[in-house]
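Student: Residues per chain, in single letters:
There are 2 protein chains.
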Amino acid sequence: MSEKNYNVERLAKIKETINKMDPVDIADKLEILPEKDVAIWIKLLNKDLLADTFTELRPENKARIVNILSESSIKDLVRDLDEDELVDTLQELPANITKKLMDFHIDKDRRKVVNELLGYPKESVGSIMTVNFLSVKENLTPKQALDKIMASQLDAEKLEQIWITNQSLVLLGFVYIADIIRYQDKSLNELLTSISATVSPYEDQEVVAKLSYKYDLGEVPVVDSENRLIGIVPAEDVIDVAHDEFQEDISNITGISDQSESYLNESSFKIAKARTTWLIICLLTATMTGFIIHRYENLLASAVVLTAYIPMLMDSGGNAGSQASTTVITSLYSGEIGIKDFFKVIIKEASIGIITGLILVIVNFLRLMIMDRAAIAVNLTVSLTLLLTIIFSKVMGGILPIIAEKCKIDPTVMAGPLITTIVDTLVLLIYFEVASLMLGL
Amino acid sequence: MSEKNYNVERLAKIKETINKMDPVDIADKLEILPEKDVAIWIKLLNKDLLADTFTELRPENKARIVNILSESSIKDLVRDLDEDELVDTLQELPANITKKLMDFHIDKDRRKVVNELLGYPKESVGSIMTVNFLSVKENLTPKQALDKIMASQLDAEKLEQIWITNQSLVLLGFVYIADIIRYQDKSLNELLTSISATVSPYEDQEVVAKLSYKYDLGEVPVVDSENRLIGIVPAEDVIDVAHDEFQEDISNITGISDQSESYLNESSFKIAKARTTWLIICLLTATMTGFIIHRYENLLASAVVLTAYIPMLMDSGGNAGSQASTTVITSLYSGEIGIKDFFKVIIKEASIGIITGLILVIVNFLRLMIMDRAAIAVNLTVSLTLLLTIIFSKVMGGILPIIAEKCKIDPTVMAGPLITTIVDTLVLLIYFEVASLMLGL
Chain A
1 MSEKNYNVER LAKIKETINK MDPVDIADKL EILPEKDVAI WIKLLNKDLL
51 ADTFTELRPE NKARIVNILS ESSIKDLVRD LDEDELVDTL QELPANITKK
101 LMDFHIDKDR RKVVNELLGY PKESVGSIMT VNFLSVKENL TPKQALDKIM
151 ASQLDAEKLE QIWITNQSLV LLGFVYIADI IRYQDKSLNE LLTSISATVS
201 PYEDQEVVAK LSYKYDLGEV PVVDSENRLI GIVPAEDVID VAHDEFQEDI
251 SNITGISDQS ESYLNESSFK IAKARTTWLI ICLLTATMTG FIIHRYENLL
301 ASAVVLTAYI PMLMDSGGNA GSQASTTVIT SLYSGEIGIK DFFKVIIKEA
351 SIGIITGLIL VIVNFLRLMI MDRAAIAVNL TVSLTLLLTI IFSKVMGGIL
401 PIIAEKCKID PTVMAGPLIT TIVDTLVLLI YFEVASLMLG L
Chain B
1 MSEKNYNVER LAKIKETINK MDPVDIADKL EILPEKDVAI WIKLLNKDLL
51 ADTFTELRPE NKARIVNILS ESSIKDLVRD LDEDELVDTL QELPANITKK
101 LMDFHIDKDR RKVVNELLGY PKESVGSIMT VNFLSVKENL TPKQALDKIM
151 ASQLDAEKLE QIWITNQSLV LLGFVYIADI IRYQDKSLNE LLTSISATVS
201 PYEDQEVVAK LSYKYDLGEV PVVDSENRLI GIVPAEDVID VAHDEFQEDI
251 SNITGISDQS ESYLNESSFK IAKARTTWLI ICLLTATMTG FIIHRYENLL
301 ASAVVLTAYI PMLMDSGGNA GSQASTTVIT SLYSGEIGIK DFFKVIIKEA
351 SIGIITGLIL VIVNFLRLMI MDRAAIAVNL TVSLTLLLTI IFSKVMGGIL
401 PIIAEKCKID PTVMAGPLIT TIVDTLVLLI YFEVASLMLG L
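Residue numbers (UniProt numbering), protein chains in the order written: chain A, 1 to 441; chain B, 1 to 441.
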């Protein structure tokens with residue numbers, strides 16, 4: 001459809017339909033509509049809905065819409081955005097638009113808050129928290145607290161929990177609004193749920209997801225160094241963070257450096273770029289495996305049959321190692337183990353490796369005997385290598401994430417291509433050494 | 001510490017300390033305390049806190065504590081648990097304890113609800129939803145709704161959103177309690193936030209995490225086939241589900257069949273068992289790679305140098321394939337792509353593969369020329385194989401999860417060991433065919 005197809009009746013109909021839609025669905029639609037239609041939709045949307053839709057858009061579309069809107073509509077839009085949404089927007093838009101918004105459309109009081117929020121590092125708690133919350137002092141009566149709620153200009157979704165501080169503004173806990181209404185004869189202190197966990201604005205956003213999971217928190221309070229409440233991360237945002245961190249982890253494990261938000265709409269070049277770095281690193285480190293094979297070329301030439309088992313040994317080692325590292329990563333994540341458990345993990349993985357390795361050796365020995373009719377010396381060489389490979393890969397897979405944690409590298413980075421390469425190299429070394437010994441070559 | 005070390009003063013002190021702790025932390029502590037101390041702690045805990053702590057315990061400790069408690073304490077505990085918590089507990093406990101609780105400690109009205117909840121399949125939405133919510137009809141005034149809230153016996157955390165239905169109990173949306181207080185002159189319909197998404201109790205719990213992520217929902221409403229509200233999944237539980245599904249996905253990717261909740265405390269045998277199944281499957285499918293190498297043994301014998309590049313080619317293929325499959329899995333998860341996009345994914349991955357492959361070929365060609373001083377024919381053989389490998393692996397990695405989705409298998413299962421094995425087999429076939437052609441062997 002193009003502009004000339006619109007008539008007054010049609011526009012009224014579209015207006016009615018879209019203003020009943022969910023902002024997420026409107027945003028999805030705007031991403032794929034042609035430019036001209038986007039301009040029309042934007043004009044037909046109610047102000048509130050426009051603001052909600054705007055926050056769901058991808059950066060390039062946010063910029064496009066700011067360019068479509070009139071100066072007065074931009075002012076309305078900026079006013080309807082919460083401070084944290086505004087900050088997200090400012091970080092995503094091109095510098096010239098950001099400057100324009102800051103200079104002309106954000107009033108002085110908000111500019112201060114926005115500038116403060118802009119100061120927090122990327123992916124920190126401070127960068128995602130909302131500063132729109134209601135806190136009251138503990139000595140208020142429920143009736144007084146209720147008056148504050150009645151007078152509050154905040155959206156109702158920010159008023160589910162009312163935060164309670166002492167006289168020095170130190171955070172004590174929160175009270176549910178339903179209890180304030182129901183138990184007006186009690187004191188706020190009696191109604192208060194004390195704080196299980198708080199987080200600093202400078203910590204990584206992942207911490208919020210961890211705490212929320214551990215303590216079943218709906219909203220996570222953010223405090224400064226003196227334990228004064230400065231922000232909140234609401235449950236909806238915790239869910240977003242958990243999802244994003246999950247995507248990041250899973251991308252790291254498969255060596256994708258920068259997972260883009262879109263797949264089919266993203267250019268193949270950009271996706272290829274994100275994937276290539278790790279592949280090149282692996283390609284270059286695979287030089288090691290090449291060297292080893294070169295070194296043992298004579299051995300291989302006199303027993304070409306050995307080559308047939310290289311893929312199986314390498315894959316078994318790689319898989320065994322990845323299993324160990326993902327288990328250790330998730331245990332690190334949930335806080336069950338820490339850097340202090342380094343030696344416990346070695347013992348644990350070694351014993352798991354011995355059990356798993358022995359089972360695999362039995363299966364493999366029978367397979368080689370029955371299907372391949374392999375010479376017993378070859379069979380024993382492969383079996384012994386397999387056992388050592390599994391034990392070794394499990395231990396390596398277990399300790400690499402802990403070493404990463406110690407070096408303050410994301411452990412998921414270790415679980416990916418890197419471990420495969422390390423394990424491959426060592427598997428080959430073990431294989432050829434065992435073969436030299438067993439086959440007397 | 002053992003029982004004889006306790007005196008009245010000491011007990012009073014412990015009582016004061018533990019009743020100020022968070023239930024999650026108390027549960028953590030109970031997991032590691034000796035049996036005797038557990039019995040003492042349990043007796044010192046306030047009733048409410050005992051119920052909250054109980055829900056956080058691992059199954060074996062729940063059973064232990066039920067055995068420690070007196071009949072009247074069990075009755076109190078059961079009464080303090082929400083229906084959904086009670087159902088979780090019943091599913092975890094040994095049959096004899098479950099029967100005892102059902103027969104003696106759960107009153108008739110609750111038994112009906114509990115039995116209904118027990119009927120939902122494992123990991124379904126119905127099995128995790130809470131039935132404790134407040135819904136009112138749309139024609140009520142805010143004042144009347146407020147009276148219902150005042151009279152409600154529900155915990156305040158279940159009263160953050162009040163659900164609104166029409167006269168036939170069909171769910172329309174919800175109203176925040178703060179708006180009911182602030183805008184008593186408006187109608188509930190004016191204050192209502194309409195529903196963006198609902199979920200059936202029979203769907204997989206993962207759906208809740210997806211919807212909540214997509215539509216930024218705090219609480220996800222569960223409805224029956226006539227769109228009547230029958231339960232709610234609160235944000236805290238959505239966060240738990242998202243975390244559990246993440247762990248499940250990441251375990252699938254590395255071929256761990258049944259990730260246990262604990263790592264260091266779990267027996268090595270049990271962990272080994274969960275990891276062995278996939279390793280055996282891979283070992284057996286690796287027979288394919290063995291066969292292929294056997295078949296081309298003569299070729300390898302006359303050009304042993306080719307062996308040196310097998311690990312690099314296999315790893316590059318495996319990594320490239322995993323990258324594609326995790327990207328496609330996360331896009332399937334977020335709903336950006338579906339089964340209908342099968343051919344789009346093939347084209348996308350093929351073009352990404354060509355770009356990535358060409359870059360890798362250049363790097364590899366230079367490496368072989370400079371470092372290995374490889375013969376040009378060998379270098380060309382490896383380069384061509386590498387290019388085909390990358391393209392091929394990307395496409396396979398991209399379509400396997402979609403095929404899995406189509407066959408109603410969890411796509412993450414495809415991203416793991418299976419893809420490595422398939423890619424390995426095909427890489428070797430390509431390699432040897434190219435070599436026969438290029439080297440004229």
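None of these hints come from the bench; they were simulated from the model. Careful, some of the hints might be misleading.
Any copy, or any two copies together, can satisfy a pair, since identical chains are not distinguished.
Dumping the calculated BS3-like pairs for lysine-lysine here, alpha-carbon to alpha-carbon at most 30 Å [claimed, not checked]:
| id | residue 1 | residue 2 |
| --- | --- | --- |
| 1 | Lys270 | Lys148 |
| 2 | Lys43 | Lys143 |
| 3 | Lys406 | Lys143 |
| 4 | Lys36 | Lys108 |
| 5 | Lys47 | Lys112 |
| 6 | Lys36 | Lys15 |
| 7 | Lys273 | Lys122 |
| 8 | Lys186 | Lys406 |
| 9 | Lys340 | Lys47 |
| 10 | Lys340 | Lys75 |
| 11 | Lys99 | Lys406 |
| 12 | Lys344 | Lys75 |
| 13 | Lys186 | Lys36 |
Student: Need the list of violated hint numbers for this structure, in ascending order.
Tutor: Those not satisfied are hints 1, 2, 3, 4, 8, 9, 10, 11, 12 and 13.
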